[in-house]
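Peer 1: Sequence:
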Amino acid sequence: YWKPGEIVETNNYYPFGLLHNYALTTQNAYQYKYNGKELQETGMYDYGARMYMPDIGRWGVVDPLAEKMTRHSPYNYAFSNPIRFIDPDGRQNEDWRNKNGQLVYDTKANGGKGGYTQYATEKEKKYGSDLQQTQKGKEQFNKLVNSDHPIKVDINEKDLPTHSDTPIFGKTNTPKEKNSEGKLESNITIYEKNIEDYVSVIKDSTKGGETQALIILSDGKDINVTNLTESQLASAAFGEEIEHSTPKNIKLQHNGATRDEVEKDPRKVSDKILRQSLNN
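In terms of full-length UniProt numbering, the sequence shown opens at residue 1 and continues consecutively.
Among the clues, some could well be false.
Heads up, simulated DSS-like pairs for lysine-lysine below, C-alpha to C-alpha not over 30 Å straight-line [claimed, not checked]: (1) LYS178 with LYS221; (2) LYS193 with LYS203; (3) LYS193 with LYS108; (4) LYS171 with LYS123; (5) LYS171 with LYS138; (6) LYS33 with LYS123; (7) LYS193 with LYS221; (8) LYS272 with LYS126; (9) LYS125 with LYS143; (10) LYS183 with LYS203; (11) LYS248 with LYS125; (12) LYS207 with LYS183; (13) LYS264 with LYS183; (14) LYS268 with LYS178; (15) LYS143 with LYS108; (16) LYS248 with LYS152; (17) LYS268 with LYS125; (18) LYS33 with LYS158; (19) LYS33 with LYS178; (20) LYS272 with LYS125; (21) LYS113 with LYS268; (22) LYS113 with LYS152; (23) LYS221 with LYS183; (24) LYS123 with LYS207; (25) LYS99 with LYS264; (26) LYS143 with LYS178; (27) LYS176 with LYS99; (28) LYS152 with LYS126; (29) LYS123 with LYS203; (30) LYS176 with LYS158; (31) LYS183 with LYS113.
Hints in this document: simulated from the structure, not taken from any laboratory. This structure is a prediction, so every number in the text was calculated from the model and none was measured.
Please work from the sequences and hints to get the whole structure.
Peer 2: Here is the structure:
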């Protein structure tokens, strides 16, 4: 048996998952290793939809969705770039989609570098570009376009929803019911008018330079938002909602966690994006 806190094994891997060396090994039955997948007696990893062979960096069988990705080998793993991409279960990754379900950003475009599709609007491109202006925003963008389930994003230009008289900048809804492909589907809405009005109030209240605008973040510390722009606030809201669409947060939502528990990590994300945007 294992003692609490006991280190039973430490492994180092090459990018494609081949074991580099054993830094520390004990006799144990723990077989969940590279990417948390179970290592089989054959030396392959069980990813659910397919078996993976780390010695050659390829799947052992054809991608069941190969017809949708004819530009790529049906045996390739993570588009042959495991540093940039992940492959949670051996199936096609899902991406950023608009409210109509059309693909906005294709991670496979431009030789695997990624790019916007014909369905992407100029506003959606701007939201994506603005989000990537901070390090934390880049992390959130990658979560969005490399998600293992579809994430639809709607930029709402009219509605002004509130919660306890406080304007809502964004919301995310992930129903428990799965879609026709057997996957969960997250729906993000960004309320652009609320963001514009909030920034406008800040500018009006600090006009003349005699006063500053401060807000208190989730860690209890304040931040100077006198020079906050609509793009910066929208990026913080976007990043927060992307965090709401992660498997970890969805699990909290579906398992009856409290509002504070569900909001904890997403708020940290938006706080960090704001701080990095404003250099606070």
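Peer 1: So, against the hints stated earlier in the document, which numbers end up violated here?
Peer 2: 1, 3, 6, 10, 12, 18 and 23
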